[in-house]
Amino acid sequence: MLDDILRVSQDGQRVYLSAGNAEHASDQPVEKKQIKDWLVHHQAGGFFCFDDTIESALTKLNTANGDRESEDFIIAERRDATIEARIADDKMTAYLIVNGACGGRALRGDDILSTLREANIVRGIKKTTLQKLLSASRRLKPGEYLDVPLRLADSQSRGKMRILST
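With the first letter of the sequence shown counted as 1, position 158 gets the number 158 in this note's numbering; the numbers rise by one all the way through.
It is worth saying that the hints were derived from the structure and are not from the lab.
Possibly wrong hints are sitting among the right ones.
Claimed, not checked - Simulated crosslink set (DSBU-like; lysine-lysine; CA at most 30 Å straight-line):
id, residue 1, residue 2
1, Lys33, Lys60
2, Lys91, Lys60
3, Lys141, Lys127
4, Lys141, Lys126
5, Lys33, Lys126
6, Lys91, Lys126
Unchecked claim - Per label pair, the in silico range of CB-to-CB distance:
id, residue 1, residue 2, range
7, Leu113, Asn62, 47 to 53 Å
8, Lys33, Asp80, 25 to 31 Å
9, Ala88, Thr59, 40 to 46 Å
10, Tyr95, Lys141, 16 to 22 Å
11, Phe50, Asp89, 18 to 24 Å
12, Ala136, Asp72, 34 to 40 Å
13, Ile97, Val122, 37 to 43 Å
14, Glu118, Tyr16, 29 to 35 Å
From the three backbone atoms N, C-alpha and C, an ideal C-beta is built for every residue, glycine too.
Can you make the complete structure from the sequences, with help from the hints?
Shown next, in the form of structure tokens:
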């Protein structure tokens with residue numbers, strides 16, 4: 001029955017749930033656990049799930065009386081790992097926030113370097129620190145995040161030589 005209402009997009013990036021169609025009317029209500037099990041079985045268990053959307057879609061599906069028009073809900077999607085940089089007000093510390101991949105591509109070294117460049121952080125970070133960050137980011141479970149403080153400068157330089165001003 002779940003194969004009638006759930007499908008993975010052609011590009012493999014999203015999972016849709018069709019609710020409201022009479023074809024999948026059943027005496028037994030569909031539960032969230034069944035949806036999650038289906039995702040795992042179809043290699044989408046690591047995707048980012050929109051839990052509120054799943055709940056809304058299940059409510060519509062389980063209360064459908066067959067005369068409603070079918071509606072597709074995106075309930076899960078593949079997401080690549082992301083990274084963002086934030087510089088503290090004192091200009092002495094930067095924070096790198098890494099979000100783990102949800103079925104998508106893991107963080108790469110180029111991602112870290114381009115994020116640092118975009119934040120105008122050009123010096124003061126050791127290569128070994130970045131290598132450890134990259135290694136740790138690959139161990140993140142889907143949806144987990146890592147917030148790493150990086151010391152940019154000592155109190156004498158106040159970060160002026162390590163951060164480019166715009």
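message = Taking 16 to 22 Å as the stated bounds, is the beta-carbon spacing between Tyr95 and Lys141 within them?
response = With a Cβ separation near 21 Å, Tyr95 and Lys141 satisfy 16 to 22 Å, so the hint holds.
key: 30 Å limit on alpha-carbon distance, applied to hinted pair Lys141 and Lys126   = holds (26 Å)
message = Is 34 to 40 Å respected by the C-beta to C-beta distance linking Ala136 and Asp72?
response = Since the Cβ atoms of Ala136 and Asp72 sit about 37 Å apart, the hinted range of 34 to 40 Å holds.
query = Given the hint that Lys33 pairs with Lys126, does the C-alpha gap stay at or below 30 Å?
reply = violated (45 Å)
request  = Can you let me know if the beta-carbon spacing of Glu118 and Tyr16 is within 29 to 35 Å?
outcome  = With Cβ atoms ~34 Å apart, the hint holds.
query = Given the hint that Lys141 pairs with Lys127, does the C-alpha gap stay at or below 30 Å?
reply = holds (24 Å)
Verdict for Ile97, Val122 (Cβ pair) under range 37 to 43 Å = violated (19 Å)
ask   = Does the hinted range 18 to 24 Å hold for Phe50 and Asp89 at CB?
value = At roughly 35 Å between Cβ atoms, Asp89 and Phe50 fall outside 18 to 24 Å, so the hint is violated.
query = Taking 40 to 46 Å as the hint, is the beta-carbon distance of Ala88 and Thr59 inside that range?
reply = holds (44 Å)
ask   = Quick one, are Lys91 and Lys60 close enough, alpha carbons at most 30 Å?
value = Violated, because 51 Å separates the two Cα atoms, which is more than 30 Å.
message = Against the 30 Å threshold, does the CA-CA distance of Lys91 and Lys126 hold or violate the hint?
response = Holds, at about 17 Å.
request  = Could you say whether the range 25 to 31 Å given as a hint is met by the Cβ separation of Lys33 and Asp80?
outcome  = holds (27 Å)
Violated hints for the displayed structure, listed by number in ascending order: 2, 5, 11, 13.
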